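Number of protein chains: 2
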Amino acid sequence: MSLVVIGSVAFDTIHTPRGSAVETLGGSAVHFALAASLLGPVRMVGNIGNDLTREHIACLVERGVCLKGLRLREGKTFRWTGRYHEDMNSRETLSVELNVFGAYPPELPPEYADSRFVFLANGSPIHQMRVLSQVQAPQFVALDTMDHWIESNRKDLEAALRRVQGVLVNDSEARLLTGRDHIEAARAILSLGPQYVIVKAGAHGACMVCAGETFVIPAYPTAHVVDPTGAGDSFAGGMMGWLARVGDVTPAAVRRAMAYGTIIASFNVEDFGTRRVAALTPQAVETRLAEFRKIVAF
Amino acid sequence: MSLVVIGSVAFDTIHTPRGSAVETLGGSAVHFALAASLLGPVRMVGNIGNDLTREHIACLVERGVCLKGLRLREGKTFRWTGRYHEDMNSRETLSVELNVFGAYPPELPPEYADSRFVFLANGSPIHQMRVLSQVQAPQFVALDTMDHWIESNRKDLEAALRRVQGVLVNDSEARLLTGRDHIEAARAILSLGPQYVIVKAGAHGACMVCAGETFVIPAYPTAHVVDPTGAGDSFAGGMMGWLARVGDVTPAAVRRAMAYGTIIASFNVEDFGTRRVAALTPQAVETRLAEFRKIVAF
Numbered sequence: 014m015s016l017v018v019i020g021s022v023a024f025d026t027i028h029t030p031r032g033s034a035v036e037t038l039g040g041s042a043v044h045f046a047l048a049a050s051l052l053g054p055v056r057m058v059g060n061i062g063n064d065l066t067r068e069h070i071a072c073l074v075e076r077g078v079c080l081k082g083l084r085l086r087e088g089k090t091f092r093w094t095g096r097y098h099e100d101m102n103s104r105e106t107l108s109v110e111l112n113v114f115g116a117y118p119p120e121l122p123p124e125y126a127d128s129r130f131v132f133l134a135n136g137s138p139i140h141q142m143r144v145l146s147q148v149q150a151p152q153f154v155a156l157d158t159m160d161h162w163i164e165s166n167r168k169d170l171e172a173a174l175r176r177v178q179g180v181l182v183n184d185s186e187a188r189l190l191t192g193r194d195h196i197e198a199a200r201a202i203l204s205l206g207p208q209y210v211i212v213k214a215g216a217h218g219a220c221m222v223c224a225g226e227t228f229v230i231p232a233y234p235t236a237h238v239v240d241p242t243g244a245g246d247s248f249a250g251g252m253m254g255w256l257a258r259v260g261d262v263t264p265a266a267v268r269r270a271m272a273y274g275t276i277i278a279s280f281n282v283e284d285f286g287t288r289r290v291a292a293l294t295p296q297a298v299e300t301r302l303a304e305f306r307k308i309v310a311f
Numbered sequence: 014m015s016l017v018v019i020g021s022v023a024f025d026t027i028h029t030p031r032g033s034a035v036e037t038l039g040g041s042a043v044h045f046a047l048a049a050s051l052l053g054p055v056r057m058v059g060n061i062g063n064d065l066t067r068e069h070i071a072c073l074v075e076r077g078v079c080l081k082g083l084r085l086r087e088g089k090t091f092r093w094t095g096r097y098h099e100d101m102n103s104r105e106t107l108s109v110e111l112n113v114f115g116a117y118p119p120e121l122p123p124e125y126a127d128s129r130f131v132f133l134a135n136g137s138p139i140h141q142m143r144v145l146s147q148v149q150a151p152q153f154v155a156l157d158t159m160d161h162w163i164e165s166n167r168k169d170l171e172a173a174l175r176r177v178q179g180v181l182v183n184d185s186e187a188r189l190l191t192g193r194d195h196i197e198a199a200r201a202i203l204s205l206g207p208q209y210v211i212v213k214a215g216a217h218g219a220c221m222v223c224a225g226e227t228f229v230i231p232a233y234p235t236a237h238v239v240d241p242t243g244a245g246d247s248f249a250g251g252m253m254g255w256l257a258r259v260g261d262v263t264p265a266a267v268r269r270a271m272a273y274g275t276i277i278a279s280f281n282v283e284d285f286g287t288r289r290v291a292a293l294t295p296q297a298v299e300t301r302l303a304e305f306r307k308i309v310a311f
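Heads up: the sequence lines are chains C and L, in that order. First residue of the first sequence? That's 14 in this note's numbering, and the numbers climb one at a time after it. First residue of the second sequence? That's 14 in this note's numbering, and the numbers climb one at a time after it.
Keep in mind that the hints are not guaranteed to be accurate.
Just so you have them, the derived chain L footprint on chain C, three or more residues with Cβ under 8 Å [stated by the list, open to error]:
# : region
1 : 192-202
2 : 209-223
3 : 265-278
Interface residues of chain L toward chain C, partial, derived using beta-carbon atoms under 8 Å [stated by the list, open to error]:
#  : residue
4  : Cys220
5  : Thr227
6  : Phe228
7  : Pro231
8  : Ala236
9  : Arg268
10 : Arg269
11 : Ile308
Simulated from the structure, these hints should not be mistaken for laboratory data. Predicted, not measured: the structure shown is a model, and the values here were computed from it. We treat Cβ as the ideally placed atom computed from N, Cα and C, and that holds for glycine.
Could you build the full structure based on these sequences and the hints that come with them?
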């Protein structure tokens with residue numbers, strides 16, 4: 014089934030205890046699309062500046078990602094610079110230049126209007142809803158958000174949550190949104206509208222709640238974490254990629270989809286930026302998933 | 014097979030965001046024994062003061078725990094007071110009175126010398142090794158420790174690690190011991206001697222490494238955490254209780270044993286002190302384990 018992601022294309026400058034990468038291709042839509050394209054076709058919507066060349070996005074072209082939704086805008090591409098702390102679980106943003114990312118609301122090309130699976134990567138809930146209204150008959154829409162929108166735009170975010178089937182948040186965002194922790198937080202978010210609430214806890218895995226079911230999945234035990242940037246979007250890409258591939262949104266499908274997300278995210282953190290996932294094959298994903306099943310067996 | 018625990022018997026005063034409990038029965042050996050006794054016989058070794066009455070330990074008697082190794086000493090029983098922070102993942106110790114716990118090294122009654130499974134709860138590594146030397150032919154010895162011993166008694170701790178088959182540490186202790194995180198830390202501890210290294214991450218589950226295998230298990234998603242005190246010892250009790258029951262220490266047995274530990278620890282945190290585990294039946298453990306298998310399936 015057709016899958017579209019709406020999000021950012023960025024140049025990331027990343028410092029981690031393992032080293033640095035300067036102005037490497039990143040952004041939520043990029044990480045998502047590279048992950049999802051391992052499982053099936055994916056369409057990308059986002060703004061790019063005129064400093065982004067064909068060469069920069071060669072990895073997306075090679076993977077067959079549809080780039081018709083990338084809109085060239087006058088100005089520079091979104092830039093983010095951040096530094097991870099020793100334990101890799103926390104980071105600080107050193108600088109953000111929104112540039113063309115924040116200046117224009119995303120626009121869906123008319124040929125994407127028939128998309129059935131939609132991922133609204135982290136962004137203004139007003140923009141998220143504006144682009145969602147351009148999709149004719151979505152089957153499954155999932156939304157990502159962050160502390161900034163929860164704190165400054167809660168009303169719009171709550172309106173958005175009533176219009177989507179799935180929401181992905183991390184542990185601290187779930188707490189900020191509900192004042193509760195872990196599974197309690199996830200259950201509280203269910204009452205805000207979505208059918209599926211997925212709470213990501215980075216190196217500690219993820220959980221999902223829906224009516225009548227709870228699912229927990231540990232992270233794949235990656236030995237050497239180099240750069241966590243984009244892990245959450247890789248997870249979402251693997252998850253939505255699988256759902257779109259099977260065209261099924263039952264709890265059993267969402268569980269399997271989260272396993273794919275877990276595996277692709279585990280590759281993502283093994284090198285800077287998109288390097289590892291861009292070089293990945295579907296076979297490598299299947300191999301690690303089979304290994305993961307052995308790792309969690311009891 | 015015969016299982017013995019050497020550890021503390023305590024009166025705990027606990028403050029959590031859900032309430033308080035004053036001078037409630039606790040201590041590593043108590044939490045361990047109550048958990049292990051759900052799966053089979055268990056022997057307890059520890060010091061008690063003359064302020065501890067038969068009534069205080071009625072829950073252990075009812076569960077058939079062998080208390081011959083509880084040694085009455087002149088003085089007061091160990092006391093601990095602590096406060097958990099809002100997220101329940103961190104706590105501060107408000108006061109400690111070692112009393113009879115710290116004053117005397119533990120002594121094994123002669124009839125316990127044939128114990129095959131031994132759990133050395135957190136304590137001085139010198140005391141741990143002194144008591145271990147009183148066990149004739151242990152099959153599987155597991156040791157717990159804490160930051161205090163890693164920092165102040167590292168040499169003795171390393172000597173102890175060379176004499177045990179299993180070690181249980183939490184995430185931060187593993188980091189302190191090795192300077193690494195998660196799975197990398199666990200693998201580094203393997204090289205110090207034990208065959209099995211188990212790293213507990215509280216609400217985030219646990220992992221185990223041994224030669225050639227890695228195992229990760231999430232925590233059971235308890236909705237309402239009331240008091241995490243004793244969760245680690247309940248985990249260890251469930252784990253060692255299962256190993257002693259099956260008399261088997263293969264990686265497959267350790268995985269299953271950690272699942273029992275996970276389940277009993279999940280009950281432990283649902284009420285203050287020992288209340289929940291003391292009231293538990295083996296059937297309730299099996300029921301939740303079966304439910305847990307559904308929760309983690311993908």
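We went through each hint and held it up to the structure:
{"no.": "1", "hint": "192-202", "verdict": "holds (count 5)"}
{"no.": "2", "hint": "209-223", "verdict": "holds (count 5)"}
{"no.": "3", "hint": "265-278", "verdict": "holds (count 4)"}
{"no.": "4", "hint": "Cys220", "verdict": "6 Å, holds"}
{"no.": "5", "hint": "Thr227", "verdict": "5 Å, holds"}
{"no.": "6", "hint": "Phe228", "verdict": "6 Å, holds"}
{"no.": "7", "hint": "Pro231", "verdict": "4 Å, holds"}
{"no.": "8", "hint": "Ala236", "verdict": "6 Å, holds"}
{"no.": "9", "hint": "Arg268", "verdict": "4 Å, holds"}
{"no.": "10", "hint": "Arg269", "verdict": "5 Å, holds"}
{"no.": "11", "hint": "Ile308", "verdict": "5 Å, holds"}
Figure legend: structure checked against the earlier numbered hints; every hint is met.
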